[in-house]
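Here are the chains, one letter per residue:
There are 2 protein chains.
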Amino acid sequence: MKIALTGKGGVGKSTLAAMIARVVRDQDNKVVAIDADPDMNLATIFDVSRAREITPIIEMKELIAERTGTEVGQPAPFFTMNPKVDDIPESYWVDQNGIKLLVMGTVQRGGGGCACPENAFLKSLLGHMMIARREWVILDMEAGIEHLGRGTALGVDYMLVVVEPNRTSAETAHRIRKLAADIGIKQVRVVGNKVRGPSDEELIRKACEGLDVLGFLPLSEQIRQISTGETSLEQLDGETLEPVRNLVARLS
Amino acid sequence: MKIALTGKGGVGKSTLAAMIARVVRDQDNKVVAIDADPDMNLATIFDVSRAREITPIIEMKELIAERTGTEVGQPAPFFTMNPKVDDIPESYWVDQNGIKLLVMGTVQRGGGGCACPENAFLKSLLGHMMIARREWVILDMEAGIEHLGRGTALGVDYMLVVVEPNRTSAETAHRIRKLAADIGIKQVRVVGNKVRGPSDEELIRKACEGLDVLGFLPLSEQIRQISTGETSLEQLDGETLEPVRNLVARLS
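Chains as they are written, first to last, in our numbering: chain A, 1 to 252; chain B, 253 to 504.
Not one of these hints is a red herring.
Label pairs and their in silico Cβ distance ranges: (1) A:209 x B:360: 18 to 28 Å; (2) A:219 x B:360: 27 to 37 Å; (3) A:196 x B:361: 29 to 39 Å; (4) A:109 x B:464: 16 to 26 Å.
For the record, the hints were derived by calculation from the structure and aren't laboratory data.
The beta carbon of each residue, even a glycine, is placed where N, CA and C say it ideally should be.
If we strip away everything but chain A, and leave its shape as in the complex, we get (with noise of 0.2 Å):
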């Protein structure tokens, strides 16, 4: 299963694809999460202090070209084998409780360009990667909607669209579903996030008509505390993670 996660900025896609990198870990599957965003904070929301150590996955570029011999910008055997998540050499990740965490990378240098070669090289990487079944792709995607201009998303089984009880994110909401339908991923849900009871619900479901709602998750104290470090992604109790199951059992 691969996945993204989207949505406009601050409504919770990492907490989320932490979240569910959670559940289906503790399902037996094989997890693998991605941070896309180049305002990297993935790794911070699973606790990791070595993510300076993660090496960005835009460098196997060069490692690819240098091992194959073909030219950076050339399309690369690497690439026509149809790699498996295990053919990633291990300095590219991280493992956070069983959890692998890669990162696309980020802007080195103010003036020094755009994302756009980390974007490319991600999207190449994971419309030839092999997935397994037991075996989950998390995408954090970056906040907005510029990735999907990028098309780097491409050939996700799932576009989760988290949404909060605003005008602007249901906004954004729409905005991807329709440039996400460009780019032929037809399965985009709404995940409808920090819920404060049923009138919220109803804001998000008359904000978002029209789009396929999966769920909603509860605002809470808990899940908040993660954002501050004062709760890790491990302690989150089973009630917590309860309406994360929920989704994710609708998912596969």
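With the hints as your guide, set chain B onto chain A.
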């Protein structure tokens, strides 16, 4: 004065941009607010229902080429003449209660490409534009850090980084300060937002150690209601705007 609002997604960049716009307009300044996020939502915060009618400024590129006979891609006389804010044709903005709202441009089609051309054009326009006294240009930047790789906000007087009481938005602030320095922006100031009390201020100060904190804005139900459409920018009362006025006073 040219300022850019930056920060992790969801921290409140657009809302603060709109509140600053209102405060400086109330002080009899000319105000231009530019939505520099392809995932446009500044118009929604301003309650501009005609957002779709705003022609994105990227389309000026063709207009300039056409009018001046230069080819797209060549430096255009429009820029070398150092245009004033008033030189931007009327079709590229909407006047909302005395604030001129412009949008950079969005992603038109999934797989259609990145937002590099839009960012490059905005960068040229901003770089050459003459800003008069009592004239404010307020840029609402895309979430995250990619715009800093592109140097879109080159030449702003201040870059404000909005931070919430959590780790990830503070990490983004540190990245922004570093990348902003690379493109020569020295005046980078943190604004702590959605602060619930002294412990949140303390959390932000600690997480932003080494950064220059301009001030704090309290968590406000009235401001949250802007996001749901229950309150409008013009309805915000003096008390709610007071901390914003204080921030502005420290800038000018």
